[in-house]
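J.: Sequence:
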Amino acid sequence: MDTVEALLHEASKWLASRGIDQWQFPPHRDRILRALSEGDVFLGTCDGHVIATLQVDTYADPEFWTPNDQPDDALLVHRMVVTRESAGIGVGGTLLDWAAARAAAAGKSWLRLDAWKDNRSLHRYYEIAGFALVRVVDLHHRGSGALFQRPAKNSN
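Residue numbering for the sequence shown follows the working numbering, starting at 1 and increasing by one per position.
These are calculated hints, taken from the structure and not from any lab test. Keep in mind that the hints are not guaranteed to be accurate.
As the list claims (entries may be wrong) - Between beta-carbon pairs, the in silico distance windows are:
no., residue 1, residue 2, range
1, Ser86, Phe25, 22 to 30 Å
2, Ala106, Glu63, 18 to 26 Å
3, Asp138, Arg31, 21 to 29 Å
Idealized CB from N, CA, C, for every residue including glycine.
I would like the entire structure built from these sequences, with the hints used as guidance.
T.: See the structure below:
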């Protein structure tokens, strides 16, 4: 828990330094603890040091993903963070490829995520990583809502 929180805090500070209001609140400890207990939180390491985290599970937020989206046919990525010192070297792309292969192995057609609506750089990042924008759900009480998906793939 401490490691995941530290990564989220680092990301929050970096985002704020760029004028982005994403993750400018305490991490949702209850959600993270539940995901940890269910085995859905993963860490990326290099030379024994944690450099990334992400959560991969079947939780399709019903405020975003409708029954028409067939939410049971996807795995979803939540809270993906790469340390600043490891940014820009492909760690995030590797994690997303791993998650897509995990989705395919689970018999799912899609890897999905919801991103911060106003973080256009993040949207471009996901598009470069093979995701397509499904739609933007604009809820006044949520900063997230840019919905992306990409096909799951085999882990060849």
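J.: Now look at each hint and say whether the structure bears it out.
T.: We went through each hint and held it up to the structure:
1. Ser86 with Phe25: 22 to 30 Å: Holds, at about 24 Å.
2. Ala106 with Glu63: 18 to 26 Å: 24 Å, holds
3. Asp138 with Arg31: 21 to 29 Å: 22 Å, holds
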